[in-house]
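Number of protein chains: 6
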Amino acid sequence: MTTVKLLDDAEAEAIPAVKAVFDDIRAVRKSDFVNNFWRGLANDPALLRRTWEGLKAVMMAEGALDPLVREMIYIAVSTANGCTYCVHSHTAAAKAKGMTDAQHGELLAVIGLAGQTNHLVTAMQIPVDPEFDAGRR
Amino acid sequence: MTTVKLLDDAEAEAIPAVKAVFDDIRAVRKSDFVNNFWRGLANDPALLRRTWEGLKAVMMAEGALDPLVREMIYIAVSTANGCTYCVHSHTAAAKAKGMTDAQHGELLAVIGLAGQTNHLVTAMQIPVDPEFDAGRR
Amino acid sequence: MTTVKLLDDAEAEAIPAVKAVFDDIRAVRKSDFVNNFWRGLANDPALLRRTWEGLKAVMMAEGALDPLVREMIYIAVSTANGCTYCVHSHTAAAKAKGMTDAQHGELLAVIGLAGQTNHLVTAMQIPVDPEFDAGRR
Amino acid sequence: MTTVKLLDDAEAEAIPAVKAVFDDIRAVRKSDFVNNFWRGLANDPALLRRTWEGLKAVMMAEGALDPLVREMIYIAVSTANGCTYCVHSHTAAAKAKGMTDAQHGELLAVIGLAGQTNHLVTAMQIPVDPEFDAGRR
Amino acid sequence: MTTVKLLDDAEAEAIPAVKAVFDDIRAVRKSDFVNNFWRGLANDPALLRRTWEGLKAVMMAEGALDPLVREMIYIAVSTANGCTYCVHSHTAAAKAKGMTDAQHGELLAVIGLAGQTNHLVTAMQIPVDPEFDAGRR
Amino acid sequence: MTTVKLLDDAEAEAIPAVKAVFDDIRAVRKSDFVNNFWRGLANDPALLRRTWEGLKAVMMAEGALDPLVREMIYIAVSTANGCTYCVHSHTAAAKAKGMTDAQHGELLAVIGLAGQTNHLVTAMQIPVDPEFDAGRR
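Protein chains in written order, with the UniProt record's numbering: chain A, 1 to 137; chain B, 1 to 137; chain C, 1 to 137; chain D, 1 to 137; chain E, 1 to 137; chain F, 1 to 137.
Warning: the hint list may mix true and false statements.
Identical copies go unnamed one by one, so any copy, or any two together, can satisfy a pair.
Calculated lysine-lysine pairs in the PhoX-like style (CA-CA distance at most 20 Å, straight line) [as the list claims (entries may be wrong)]:
no. : residue 1 : residue 2
1   : K97       : K5
2   : K56       : K30
3   : K5        : K95
4   : K56       : K97
5   : K30       : K5
Bear in mind the hints are in silico, worked out from the structure with no lab data behind them.
Next comes chain A alone, as it looks inside the complex (with noise of 0.2 Å):
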């Protein structure tokens, strides 16, 4: 159950604009595959565009970080804000860019020990240590 349509692939293909972020999903990915949340965004067009770009921009772009390092970043976001479909899909991500069981297991670890620490500083409202200050750098 969906709060808006999911527009199949002759929906996708009625809207121009629509179809056009769907080619080009499918252009980069070198796949036909295009997954529930393109097709949710479809239903605002320029939502679609935008999102579209900004995840070319940030995931797909040339940087300083792998591109399986910054998957395990969403994957670290979308489990502190209980996003179950982002855990599934950039865990499916992480994976196909070669994501290890022990390089998972590490992740989870991290995860769940930050989880942790968070829950015990708020609870005992630790001031910051001015040696943390990175204006000091």
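Given chain A's structure and the hints, the job is docking chains B, C, D, E and F onto it.
For chains B, C, D, E and F alone, kept in the frame of chain A given last:
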């Protein structure tokens, strides 16, 4: 303002179970600096010890993930959880481990994008595509 | 699967304090439909009554905000809190109050943008500009 | 810095609906101290009254849970929600109701453990065991 | 204390890609004031530009939702996410766009009610009523 | 659908480090039932062992808080974090430890109230009263 007392060095020295952990923190980190988080946890020596042992096992042991990558994952979780102290302390740790400004910028971009798409997915209640099923791999 | 029993109509009828609230829900909404939320709360008649009275006061009374705007604010909070049921029930309510597809698309866009900038701000730990101080107004 | 004005005693006295609630807060708590939360809510006398009535019903009425236990549950929720003010005010309330240092330490340990396992479960997307179904009881 | 440097006007002027965005912010807003959020993002000119373009598209373009309504939705998300800076900046923006005290009070009441019912629903794990299915509409 | 494999008994038996923990879970709980959480963690035997040791230390050791109170605190955190599995498993655990319907109803009421006031406080950005300072005690 905290909800627990932050133990200073004299108070920590006076409790053997706390002194042992503080000594280990200083030895492992090769630094005299013990940050406020540990000074708050020191009110409960068993919790202090367990938390420090957990941190060593997850963040400092040899493993499949680069220590800097682990710090960036930690920052990602801490940001989504809104933990000011943790964002500061682990950003400082990441910088100490060599995070460049370009890497930091990309980390922020991924965190921001994940925050955006997490919200979009939840508002649309997108169902998980069966293609993401880990069981198929 | 729930953690409490959902009271059916016969069970609700049998508890006068629950029956009174269910009758009022049906009368106020001019509909026989009582959704699952109230059937769960009915296990604690006092909590049921207080919650329903709160909802009537906030969402149904005459006021300065349009009822549809109130529903959109509700959806925004529920999304950020990751509450699947609440996103569904209040999106349905917003549609019943006339939310158009264009309005829904813009609502999603604002929610997504806020999610993104919330994360960016927290990751950078931006200090509040003194210009934003409400006390100055 | 706040987003609303905090009403001082003179301003509160000048609004009968606010004065009535402030008088009741002082009478019920047997203290002249009215904390900032109520001074902010006082900008909307109806919201102030409803919130205070809700607090009295949930936190102060006779019931099945010890008042100190209720405060600890309140701290747990407030920590997970990252509410600095609420963590401080309810930790102070719990101490006023007799929370010992040992109890506080255990409360922190449970909150931290829950934070950790919540994150682990979400990252692994563990399905609920049918054995947990409340309907079976 | 921030985790990135906040660029002052001289530093921003020295980077053409940053200067271009700051000039546009000032032109669009008809004000010389550039708030700290943009000064932090300026460390990554591409992220700065994308974020500003996103904000213009979502918050400033003609559309189906009143600009004040969009600000109130923004405040709702920012509150649920616990983003202090965002609550302050968008409350200031809402007031600048004409939000009255009565509207602010109702906004707070809806946010608070949603926070309450979100938690109740999650604690009870209420299943979504089939009547809420958008696909039926 | 999960992001990791859930190890069945045969798979768990084949890994000595996993078998040892599963045996201990069964012995400590005096039950043959090993719930899915541990079957997912079993992919990383070290994480499995650390998490189980943490749980025993926090939830099962003699201490200052009643075991049922600890479960209720766990439910409170899990609810605020939106962890479906954790809400179910710890509500089942609380019922197994004797939580009555009346206690459950009050737990829900406190969780809901805290959710409401957490949001109200954050939206108003209420400053902490100096009277709450733990340092004064």
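Comparing the hints with the structure gives:
| no. | hint | verdict |
| --- | --- | --- |
| 1 | K97 to K5 | between (30 Å within a copy, 19 Å between copies) |
| 2 | K56 to K30 | within (14 Å within a copy, 32 Å between copies) |
| 3 | K5 to K95 | between (29 Å within a copy, 14 Å between copies) |
| 4 | K56 to K97 | within (16 Å within a copy, 28 Å between copies) |
| 5 | K30 to K5 | neither (25 Å within a copy, 28 Å between copies) |
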